[in-house]
Amino acid sequence: GIYLLLWLWMRFVEGRPLASAGLQRDEVLFRYGRGFGVGLGLFILAVVPGSLLGFYDLAVNPVLGLGTIAGVVMVLLGWVVQGSAEELLFRGWMLPVVGARYAVWLGIVISALMFALVHMLNPSIGPLAILNLVLFGLFTAFYTLWEKSLWGVFGLHAVWNWVQGSIFGLEVSGLASPGESLLVTQATGPDILTGGTFGPEGGLLVTLVLGVAIGVLFWLGERGGPESPEIT
1 GIYLLLWLWM
11 RFVEGRPLAS
21 AGLQRDEVLF
31 RYGRGFGVGL
41 GLFILAVVPG
51 SLLGFYDLAV
61 NPVLGLGTIA
71 GVVMVLLGWV
81 VQGSAEELLF
91 RGWMLPVVGA
101 RYAVWLGIVI
111 SALMFALVHM
121 LNPSIGPLAI
131 LNLVLFGLFT
141 AFYTLWEKSL
151 WGVFGLHAVW
161 NWVQGSIFGL
171 EVSGLASPGE
181 SLLVTQATGP
191 DILTGGTFGP
201 EGGLLVTLVL
211 GVAIGVLFWL
221 GERGGPESPE
231 IT
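Going by our numbering, the final residue of the sequence shown carries number 232, and the count climbs one at a time with no gaps.
Simulated from the structure, these hints should not be mistaken for lab results.
Treat the hints loosely; a few may be bogus.
Using 20 Å as the maximum straight-line C-alpha spacing, the simulated EDC-like pairs for lysine to aspartate or glutamate come out as follows [stated by the list, open to error]: (1) K148 x D57; (2) K148 x D191; (3) K148 x D26; (4) K148 x E27.
Derived CB-CB ranges, DEER-like [to be verified]: (5) G41 x R16: 19 to 25 Å; (6) I2 x W105: 31 to 37 Å; (7) F218 x E27: 19 to 25 Å; (8) L77 x L113: 28 to 34 Å; (9) I2 x L58: 19 to 25 Å; (10) L66 x A176: 18 to 24 Å; (11) L77 x G221: 27 to 33 Å; (12) T188 x G15: 52 to 58 Å; (13) D57 x S124: 15 to 21 Å; (14) L77 x P123: 43 to 49 Å.
From the three backbone atoms N, C-alpha and C, an ideal C-beta is built for every residue, glycine too.
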């Protein structure tokens, strides 16, 4: 739905192709794969150290088999579609449109705030979860500006949700991931660290990881001179 609506709006109202929203055709697989790896690494950093400190109990799913693995792979396809739709709307369209009309920093902030806003009705959401959603929006905005395309954040967003729900078996922004997971994970630490029933995105462990990641991207952007994707 988002893809069609954005295509119609950009084609007939703004008079530009959907590809101008950061969908360049160069290095697509490389950019997507790099984003996939970054998202995988960040989420592992948010959960595995916590499990070593006793905040999570990890165990292999007792019903793990070929059927479970096949289901986990199929769920990834769903996250690929869902994650790329959100990134296309907020980082591919809203960020550069607001940035070109007013200022890049305003495009970054507004797109991050709107990303958090659309999750406000999710179960178990709280102030820390809202903060982390904003931080995730800021991180993906900086990543988009640094890479100057959407392919990286497409992969990053998809794998972040997939690993969270289908690998670790944790709630994804307060929602249970469909199907089985490879691991069964119980949050045993304080909710303020683990996020409780909202999932890791509601805890300080994710706040720390995203804060550091934003700092790294901001530094890389300052070195490389980030620009808003061109509006034509």
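How the hints compare with the structure:
1. K148 x D57: violated, 39 Å
2. K148 x D191: Distance ~36 Å between K148 and D191 Cα, so the pair is violated.
3. K148 x D26: holds, 11 Å
4. K148 x E27: holds, 12 Å
5. G41 x R16: 19 to 25 Å: With a Cβ separation near 34 Å, G41 and R16 fall outside 19 to 25 Å, so the hint is violated.
6. I2 x W105: 31 to 37 Å: Cβ of I2 to Cβ of W105: about 25 Å, so the range 31 to 37 Å is violated.
7. F218 x E27: 19 to 25 Å: Given about 23 Å between the Cβ atoms, the range holds.
8. L77 x L113: 28 to 34 Å: holds, 29 Å
9. I2 x L58: 19 to 25 Å: violated, 34 Å
10. L66 x A176: 18 to 24 Å: For L66 and A176 the Cβ distance comes to about 22 Å; the hint holds.
11. L77 x G221: 27 to 33 Å: holds, 31 Å
12. T188 x G15: 52 to 58 Å: holds, 55 Å
13. D57 x S124: 15 to 21 Å: holds, 20 Å
14. L77 x P123: 43 to 49 Å: violated, 24 Å
Violated hints, in rising order: 1, 2, 5, 6, 9, 14; the structure is consistent with all others.
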